[in-house]
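Asker: Whole structure, please, built from the sequences with the hints as guidance.
The lines below spell out each chain.
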Amino acid sequence: DAGITQSPRHKVTETGTPVTLRCHQTENHRYMYWYRQDPGHGLRLIHYSYGVKDTDKGEVSDGYSVSRSKTEDFLLTLESATSSQTSVYFCATAGLGQDTGELFFGEGSRLTVL
Amino acid sequence: SQQGEEDPQALSIQEGENATMNCSYKTSINNLQWYRQNSGRGLVHLILIRSNEREKHSGRLRVTLDTSKKSSSLLITASRAADTASYFCAFILTGGGNKLTFGTGTQLKVEL
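Respectively, the protein sequence lines represent chains F and R.
Going by the numbering used here, the first residue of the first sequence is number 561, and it counts up by one from there.
Going by the numbering used here, the first residue of the second sequence is number 123, and it counts up by one from there.
Source of the hints: derived by calculation from the structure; they are not laboratory data.
Mixed in with the good hints, there may be bad ones.
With a cut-off of at most 20 Å between alpha-carbon atoms, the simulated EDC-like pairs for lysine to aspartate or glutamate come out as follows [claimed, not checked]: (1) R:148 / F:619; (2) F:613 / F:639; (3) F:613 / F:587; (4) R:221 / F:619; (5) R:192 / R:177; (6) R:221 / F:622; (7) R:221 / F:633; (8) R:192 / R:129; (9) R:221 / F:616; (10) F:571 / F:639; (11) R:221 / F:614; (12) R:148 / R:188; (13) R:221 / F:598.
It should be emphasised that the depicted structure is a prediction, and the values quoted were computed from it without experimental measurement.
Answerer: Below, the structure written as C-alpha cells:
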C-alpha cells in the first residue's frame with residue numbers, strides 16, 4: 561500500500577472556525593490531490609498540486625485553499641468552515657500524473673461542521 | 123457539473139453471479155479508470171483503459187470502452203461476497219491536464 565496518511569481522521573468543528581487537513585505521503589509522488597466525497601456526487605476535485613509550491617484549482621475550490629511547501633505534505637485549509645463543507649475529504653497522489661497511471665488514496669478525513 | 127454518471131446506482135446479486143456496471147461521460151477523454159471503495163475506506167485502483175483500446179481484462183475484471191457512445195462497462199465475473207463495495211469510473215477529459223473526474227458510483231452488494 562502507498563504510504564498516504566491523512567490527519568485528522570475525524571473532526572467536528574463549528575461554523576466560522578478555520579480547519580486544516582493534512583496529507584502526508586512517503587512515496588515521493590509528484591502529484592497530490594484533494595477530493596471531497598458527498599452522497600450522490602461521487603468524488604469532486606477541490607485542488608491539486610503538480611509540484612512543490614505549484615497548485616491549481618479543481619471543480620469545487622471556493623472556500624478552500626491549499627499549500628505544498630514540501631513534496632511529502634499537502635495541506636487543505638478551510639478559512640471559515642461552513643455547514644456545506646461537511647464531507648469526507650480524500651487525499652490522493654500520483655507519481656506519473658493521472659493520464660499515465662493510477663491514483664493512490666488516503667483513508668479519508670471526515671469533517672462535520674455544526 | 124457532474125461529467126460522469128454510472129448505472130445502476132445500486133446492484134444486489136448472489137455470489138457466483140456476474141455484475142455489470144456502466145459509466146457514461148459527456149465529452150472526449152484520454153483514458154478511463156475504474157476504482158473500488160470499501161465502506162469507510164479510500165479508493166483503490168482496479169484497471170485503466172486508454173481511449174484507443176476497446177477491451178481490457180484483469181483477473182475476474184473485464185472493462186470495455188466505446189468512445190463513440192461515450193460509455194464504459196465493468197464486468198466482475200463469478201462475484202464473491204468480498205466484492206461488496208462501491209465502484210467508480212474516473213477519466214481525464216481531453217485537455218484536462220492531470221485532473222481525474224469521477225462518476226457517481228455503483229454500490230454493489232454480493233450476497234451469500
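Asker: With the threshold set at 20 Å, check whether the alpha-carbon distance from residue 148 of chain R to residue 188 of chain R stays at or below it.
Answerer: Given pair residue 148 of chain R, residue 188 of chain R holds - Cα atoms ~12 Å apart, limit 20 Å.
Asker: Are the Cα atoms of residue 221 of chain R and residue 598 of chain F separated by 20 Å or less?
Answerer: Since the Cα atoms of residue 221 of chain R and residue 598 of chain F sit roughly 18 Å apart, the hinted pair holds (cutoff 20 Å).
Asker: For a C-alpha distance cap of 20 Å, please report whether residue 221 of chain R and residue 616 of chain F respect it.
Answerer: Given pair residue 221 of chain R, residue 616 of chain F holds - Cα atoms ~10 Å apart, limit 20 Å.
Asker: What's the verdict on residue 221 of chain R and residue 614 of chain F, does the C-alpha distance respect the 20 Å limit or exceed it?
Answerer: holds, 14 Å
Asker: Verify the proposed pairing of residue 192 of chain R with residue 129 of chain R, using a straight-line Cα cut of 20 Å.
Answerer: Judged against 20 Å, a Cα distance of about 14 Å means the pair holds.
Asker: Check the hint pairing residue 221 of chain R with residue 633 of chain F against an upper bound of 20 Å on the C-alpha distance.
Answerer: holds, 19 Å
Asker: Holds or violated: residue 148 of chain R with residue 619 of chain F, Cα cutoff 20 Å?
Answerer: holds, 16 Å
Asker: Can the restraint linking residue 221 of chain R and residue 622 of chain F be considered satisfied, given a maximum Cα separation of 20 Å?
Answerer: With Cα atoms ~17 Å apart, residue 221 of chain R and residue 622 of chain F stay inside 20 Å; holds.
Asker: Quick one, are residue 571 of chain F and residue 639 of chain F close enough, alpha carbons at most 20 Å?
Answerer: Since the Cα atoms of residue 571 of chain F and residue 639 of chain F sit roughly 15 Å apart, the hinted pair holds (cutoff 20 Å).
Asker: Given the proposed pairing of residue 221 of chain R with residue 619 of chain F, does the C-alpha separation stay at or below 20 Å?
Answerer: holds, 9 Å
Asker: With the threshold set at 20 Å, check whether the alpha-carbon distance from residue 192 of chain R to residue 177 of chain R stays at or below it.
Answerer: At roughly 14 Å apart (the allowed maximum being 20 Å), residue 177 of chain R and residue 192 of chain R satisfy the hint.
Asker: Are residue 613 of chain F and residue 639 of chain F close enough, with their CA atoms no more than 20 Å apart?
Answerer: holds, 19 Å
In this structure, every one of the numbered hints holds.
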